[in-house]
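Asks: So the chains spell out like this:
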Amino acid sequence: MAGGDDLKLLGTWASPFAIRVKLALAVKGLSYEYAEEDLASKSELLLTSNPVHKKIPVLIHNGMPVCESNVIVEYIDEAFAGPSILSDDPYERATARFWAAYVDDKLLASWATILFRGKTEEEKSEGKKALLAALDTLEGALAKCSDGKGFFGGDSVGLVDMVLGSQLSWLKATEVITGEEFFDGEKTPLLSAWMARFSELDAAKAALPDVDSVVEFAKMRQARMAAAAATTPNS
Amino acid sequence: MAGGDELKLLGSWLSPFATRVKLALALKGLSYAEVEEDLCNKSELLLRSNPVHKKVPVLIHNGVPVCESVIIMQYIDEAFAGAGPSLLPLDPHERAVARFWASYIDEKLVIPWVRSFRGTTEEEKSEGLKQAFAAVENLEGALRECSKGKGGFFGGDGIGLVDITLGSLLTWAHAAEVMSGTRIFDPARTPLLAAWMVRFDELDVAKAVLPDVGRMVEFKTKQARALAAARASDSK
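Residue numbers (this note's numbering), protein chains in the order written: chain F, 21 to 255; chain B, 191 to 426.
Hint data in this document are derived by calculation from the structure and do not stem from the laboratory.
Check the hints yourself; a few may be wrong.
Below, computed lysine-lysine pairings styled on BS3-like, alpha-carbon distance capped at 30 Å [claimed, not checked]:
id	chain 1	residue 1	chain 2	residue 2
1	F	Lys148	B	Lys244
2	F	Lys75	F	Lys169
3	F	Lys74	B	Lys232
4	F	Lys149	B	Lys340
5	F	Lys164	F	Lys149
6	B	Lys410	F	Lys144
7	F	Lys75	B	Lys315
8	B	Lys244	F	Lys74
9	B	Lys298	B	Lys410
10	B	Lys410	F	Lys149
11	F	Lys74	F	Lys207
12	F	Lys126	B	Lys232
13	F	Lys148	F	Lys164
14	F	Lys126	F	Lys169
Everything numeric in this text was worked out from a predicted model, so none of it was measured.
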């Protein structure tokens with residue numbers, strides 16, 4: 021890293037959005053200071069660095085904040101030398117951005133529905149269907165993007181690998197909590213192999229929280245939500 | 191444009207997302223074939239080119255489709271880097287700021303604004319409008335920051351990604367004013383944006399590309415009536 025580059029990441033340990041920034045920083049070999057935010061009591065620094073959304077992650081580079089996880093990952097790719105996170109080819113870049121957006125819009129939304137947003141059994145069941153459909157689509161995407169290699173980014177980890185990879189602990193936690201298996205080695209063999217490969221990376225081992233902690237965190241949040249719903253009069 | 195570059199845009203005059211791509215192509219001086227999709231009867235080509243979302247716009251470059259309006263704009267900027275002005279600045283931090291605001295416009299302005307139009311209850315509609323105005327306030331601050339000392343665009347002296355992303359919504363803005371008297375870029379509330387709107391409307395690319403306000407008013411009026419009629423008969 022160039023002399024004088026000061027990097028600070030504001031995040032939370034469980035957030036896939038913060039995790040993907042950690043993955044990007046690790047891939048580039050960048051050192052940084054990490055600050056764990058308490059979302060119930062946000063720091064002054066967070067509020068002044070991201071006044072519009074007041075959300076993590078925020079990357080502060082030499083005092084200048086960058087917000088929104090995928091914007092931060094692209095920033096890291098452009099501001100620092102090291103292995104590329106996005107290809108140089110415009111079409112490959114567009115494809116990576118498309119699938120990164122898809123992973124957040126369709127996959128993340130589906131497990132969030134199963135665990136938290138779905139209020140009825142029917143809604144949760146819709147979430148499960150959506151999750152399976154998204155994994156099925158991503159299997160096809162991986163086949164195309166990897167072109168026989170190990171990652172969406174080809175030989176090396178790229179944007180889509182980081183965005184999907186940042187959700188692995190949550191996907192596994194969703195399986196634990198529901199008692200259902202969503203990753204099927206037969207239906208999505210490429211994804212299953214990718215998951216194992218990704219989990220073995222040093223960067224993943226460092227950034228991904230362990231599944232048990234995420235399960236506990238999710239159950240606590242579910243309990244809090246249930247308690248709040250019980251005390252709120254029906255609207 | 192380089193010999194052999196074939197560009198085709200699948201869009202709809204109604205879609206601000208498609209309008210964005212047209213603005214970007216016009217700014218770069220790129221010629222393309224335009225296919226007007228009937229969104230109630232989508233073409234085979236559209237369904238094949240965007241199987242995941244089945245939506246417009248899709249830009250097909252030498253037979254290869256690119257989807258999602260903000261992704262397409264960046265693709266155009268990168269694939270045709272030599273043509274016309276850049277849509278994004280060179281500096282990584284400035285690029286991050288532009289991408290931030292482009293994403294903000296879609297998430298925080300477009301979504302509630304559409305809700306203010308198509309919401310099922312008056313309460314939902316007014317909440318949508320309230321959120322849209324709140325987003326516009328933030329964009330006023332962004333414009334102040336981005337255009338500091340320069341020509342009054344988010345992109346500085348010339349228009350860029352954020353200007354085009356927001357500018358694609360101007361026909362809606364004018365139509366809303368005609369239909370309900372609401373001025374989303376109200377000079378009393380957000381003077382910089384109100385001036386920006388006038389400036390944007392004056393651009394050659396805007397005059398060439400932005401859909402006609404009268405046509406939009408006619409369509410939106412019919413759409414609102416059809417929606418109200420469908421709901422009235424649903425509730426009988």
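Asks: Each of the hints needs a verdict: does it hold here or not?
Replies: Hints versus structure:
1. Lys148(F) <-> Lys244(B): Given pair Lys148(F), Lys244(B) holds - Cα atoms ~22 Å apart, limit 30 Å.
2. Lys75(F) <-> Lys169(F): violated (35 Å)
3. Lys74(F) <-> Lys232(B): Judged against 30 Å, a Cα distance of about 40 Å means the pair is violated.
4. Lys149(F) <-> Lys340(B): violated (51 Å)
5. Lys164(F) <-> Lys149(F): Since the Cα atoms of Lys164(F) and Lys149(F) sit roughly 23 Å apart, the hinted pair holds (cutoff 30 Å).
6. Lys410(B) <-> Lys144(F): violated (35 Å)
7. Lys75(F) <-> Lys315(B): Between Lys75(F) and Lys315(B) the Cα gap is close to 26 Å, so the pair holds against 30 Å.
8. Lys244(B) <-> Lys74(F): violated (34 Å)
9. Lys298(B) <-> Lys410(B): holds (22 Å)
10. Lys410(B) <-> Lys149(F): Violated - the C-alpha atoms of Lys149(F) and Lys410(B) are around 35 Å apart, more than 30 Å.
11. Lys74(F) <-> Lys207(F): violated (40 Å)
12. Lys126(F) <-> Lys232(B): Distance of about 22 Å is within 30 Å: holds.
13. Lys148(F) <-> Lys164(F): Distance ~25 Å between Lys148(F) and Lys164(F) Cα, so the pair holds.
14. Lys126(F) <-> Lys169(F): It holds: about 24 Å lies between the C-alpha atoms, which stays within 30 Å.
Hints 2, 3, 4, 6, 8, 10, 11, counting from the list given before, are not met by this structure.
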